[in-house]
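Take the given structure of chain U and dock chain W to it, following the hints.
Residue numbers (numbering that gives the first Met the number 0), protein chains in the order written: chain U, 0 to 193; chain W, 0 to 193.
It is worth saying that the hints were derived from the structure and are not from the lab.
Which copy is meant is left open, because identical chains are indistinguishable; a pair holds if it fits in one copy or across any two.
Below, in silico cross-link-like pairs of lysine to any residue (SDA-like), each with a Cα-Cα straight-line distance of 20 Å or less:
1. Lys125 <-> Ile75
2. Lys125 <-> Pro172
3. Lys125 <-> Arg182
Take a look at the letters that make up each chain.
Number of protein chains: 2
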Amino acid sequence: MPKVVDHDARRAEVTEIAVSLVVEGGRSALTVRGVAEAAGVSTTVVSHYFADMVELLHAVYSFAVQRSRRRVQAVIASDPADVTGLIEAVLPLDDERRDDWRIWFAFWSEALSSPAFGEEQRQRAKGQLDRIDRCLRVLRADGRLPATVNVSDAAHRLSALIPGIAAEAIFDPDGWPPSRQRRVLRSELALIGL
Amino acid sequence: MPKVVDHDARRAEVTEIAVSLVVEGGRSALTVRGVAEAAGVSTTVVSHYFADMVELLHAVYSFAVQRSRRRVQAVIASDPADVTGLIEAVLPLDDERRDDWRIWFAFWSEALSSPAFGEEQRQRAKGQLDRIDRCLRVLRADGRLPATVNVSDAAHRLSALIPGIAAEAIFDPDGWPPSRQRRVLRSELALIGL
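Next comes chain U alone, as it looks inside the complex (with noise of 0.2 Å):
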């Protein structure tokens, strides 16, 4: 295998790990000597890969984006009227979703005090909530979503309930399965004649 792959794939496999231990701990279980010793290697090998806890983070947190966008590029590219699908694409309704959300909560901790991850955490919520105005735009469009309807308002509560129904749900599992958080999403839908 040539250099480079190699140190892409072993950079790939620590992400991983790191990801591992923020799924299961949250931010304080992400260390270096933790990644270290979960992935059998020295410190040493965890500092070649990641210069330090800011890099370290900021991968788990680009895992977490590239498979979220993944999933919801999938959904506009199938059908891009499909608003349920797009917002469902990122509620927490499977392991890899919930996961998801244990990671942008550890990494919201740290966006409070650093300018850089709260930005890029701004940025995502404002591509959303474009996201959902656009597949809006699409319905209306398509004479689906009725005239009196509100559409940058409805947008934005959409956007809203996204995080709301996941906060609810990753701390209130049973209070919040996936029924209840699909009936959320479905009655706010129904309310505007979708």
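Structure of chain W alone, referenced to chain U:
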């Protein structure tokens, strides 16, 4: 001053300093050394009031819980049918409420891995849902909430909107100023005839 009062007052002072550190810098800004430095005392003094980091973080969390509860109770005491007031009492519409959310988000990362903290978060979210549900039932009994509205669904949507709007507003204060937060809440209430 009797010794016990002195102890409580000093503990409250140290707690407020810890609160400021979390509000400014998130969970990772909370260290015994940092609190001691900001308070101008030795780490031994901080350790006298708080046995460990768990106790210190819990004190910060409780500080926000108590003042949030005071705001909520004031609304309920004034008008048990004031669903807008009940929800606005916990949206990040001013500095105090914004600071509370910075504390919740810092705490959430810890609540992911601590069963005790996770349970506190779950109970708090459950209490909020119950209060909104009760408020909507008062409105229903008063004939102000249309009979076609499913109270449980409406309460779940409103309950989820709270952390959702907060997450948007904390990381994007320009995109989600108080006027936007209120608009999202009111447009949701308008959908159910309130």
